[in-house]
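A.B. asks: So you can see what is in the structure, the chains are spelled out below.
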Amino acid sequence: MNGIIGKKVGMTSIFDDAGRNVACTVIEAGPCVVTQVKTDDTDQYNALQLAYGEKKEKSSSRQLVGHFKAAGVGPKTDVIEFRDMNLAKALGDTVTVDEVFVEGDLCAAVGTSKGKGFQGVVKRHNFKGVNDATHGQHNRQRAPGSIGAASYPARVFKGMRMAGRDGGGRVTVKNLRVLRVFPERNLILVKGAVPGPKGGTVILHK
Amino acid sequence: MDAISFVQEQVSKKKEFPKFRAGDTVVVDYIITEGEKSRIQQFRGDVIQIKGEGSTKTFTVRKISNSIGVERIFPMSSPSIDNVTIVKNGKVRRSRLFYLRDRVGKKARIKERRV
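Heads up: the protein sequence lines correspond to chains U and Z, in order.
Numbering-wise, the numbering used here comes out as the position in the first sequence, counting from 1, plus 46.
Numbering-wise, the numbering used here comes out as the position in the second sequence, counting from 1, plus 2.
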């Protein structure tokens, strides 16, 4: 699984060859540093551990500082392992976006979605609500309705969809088309939306 | 330059139109593709709004067609726009002329600006 770590820059729209206006997301991807190379001999599987994003040494643990020092770099904010990456890279090498993606590829974007706070069931679980303000309804338009039966089972089943904290979770969006890659500025343009706020960390993989 | 405007500059194909403002009367030559054939349709009206930045900039043209108001939003960087010509410069005191929607007939006119 080839991939790279990046930062969401924002969205814009471009016109494709057919003249359609396409919404797309700009992501600053890489350059990432290889901080660990896992092989069959050492770890029983193949993987590359990539790191991205600067942070201060005083806000990193001693262990992590040592780990990054082995690769010859300062502390990084994001460390992700990509299994079976077919790039011949050694410890301390950099991975750039054009090595991983070319125009026309399909990729998946992983990010942390924007937190929505405590939300009701209409927003959180796409319930329909009552859809009727009249016919005897009073302040129930966005209510969940029944959450179960009565004296049997005399309890609410686990996993019942109710109101609560929404958003702020790990979300993967698959099959995003890579529209353009700009290696000179480490930018990649993908079709569609990517989870998370501007500046949020995004993992792109094939 | 920030990343978004860099991308827009790389991706969008530049097309030069004469500079127009809100209140100007323009004719937009719009390419319409019907199956294999394509032809140019003209849309003539007043510019009532210009909004957005870079390649997502758009302008809205309003005209009265058979006494029904018709508004059309054109993206500036749309490849379907063949040309824009200014017919008349208008003298207006605001950048968004939504008040024209509530007016009909003689009241919906825009004064001409001498250039």
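No lab work stands behind these hints, which were simulated from the structure alone.
One or more of the hints may lead you astray.
Straight-line alpha carbon distances no greater than 25 Å define the calculated PhoX-like cross-link-like pairs of lysine-lysine that follow [said to hold, decoys possible]:
1. U/Lys-160 - U/Lys-84
2. U/Lys-115 - U/Lys-102
3. U/Lys-244 - U/Lys-169
4. U/Lys-220 - U/Lys-169
5. Z/Lys-53 - Z/Lys-65
6. U/Lys-237 - Z/Lys-16
7. Z/Lys-109 - Z/Lys-59
8. Z/Lys-109 - U/Lys-244
9. Z/Lys-15 - U/Lys-237
10. U/Lys-252 - U/Lys-135
11. U/Lys-101 - U/Lys-237
12. Z/Lys-21 - U/Lys-237
13. Z/Lys-16 - Z/Lys-109
14. Z/Lys-65 - Z/Lys-15
15. U/Lys-237 - Z/Lys-59
16. U/Lys-237 - Z/Lys-53
17. Z/Lys-53 - Z/Lys-39
18. Z/Lys-90 - Z/Lys-39
19. U/Lys-135 - U/Lys-174
20. Z/Lys-17 - U/Lys-244
21. Z/Lys-39 - Z/Lys-21
Just so we're clear, the structure is a prediction, and the values are computed from it rather than from any experiment.
A.B. asks: Indicate, hint by hint, whether the structure satisfies it.
C.D. replies: Hints, one by one, checked against the model:
1. U/Lys-160 - U/Lys-84: Between U/Lys-160 and U/Lys-84 the Cα gap is close to 33 Å, so the pair fails against 25 Å, i.e. violated.
2. U/Lys-115 - U/Lys-102: holds, 13 Å
3. U/Lys-244 - U/Lys-169: holds, 22 Å
4. U/Lys-220 - U/Lys-169: Measuring from Cα to Cα gives roughly 22 Å; hence the hint holds.
5. Z/Lys-53 - Z/Lys-65: At roughly 18 Å apart (the allowed maximum being 25 Å), Z/Lys-65 and Z/Lys-53 satisfy the hint.
6. U/Lys-237 - Z/Lys-16: holds, 21 Å
7. Z/Lys-109 - Z/Lys-59: violated, 29 Å
8. Z/Lys-109 - U/Lys-244: violated, 46 Å
9. Z/Lys-15 - U/Lys-237: OK: Z/Lys-15 and U/Lys-237 at ~18 Å, within 25 Å.
10. U/Lys-252 - U/Lys-135: holds, 18 Å
11. U/Lys-101 - U/Lys-237: violated, 30 Å
12. Z/Lys-21 - U/Lys-237: violated, 31 Å
13. Z/Lys-16 - Z/Lys-109: violated, 37 Å
14. Z/Lys-65 - Z/Lys-15: violated, 28 Å
15. U/Lys-237 - Z/Lys-59: holds, 19 Å
16. U/Lys-237 - Z/Lys-53: Cα-Cα ~23 Å, so holds.
17. Z/Lys-53 - Z/Lys-39: Cα-Cα ~32 Å, so violated.
18. Z/Lys-90 - Z/Lys-39: violated, 32 Å
19. U/Lys-135 - U/Lys-174: Violated, because 52 Å separates the two Cα atoms, which is more than 25 Å.
20. Z/Lys-17 - U/Lys-244: Measuring from Cα to Cα gives roughly 30 Å; hence the hint is violated.
21. Z/Lys-39 - Z/Lys-21: violated, 30 Å
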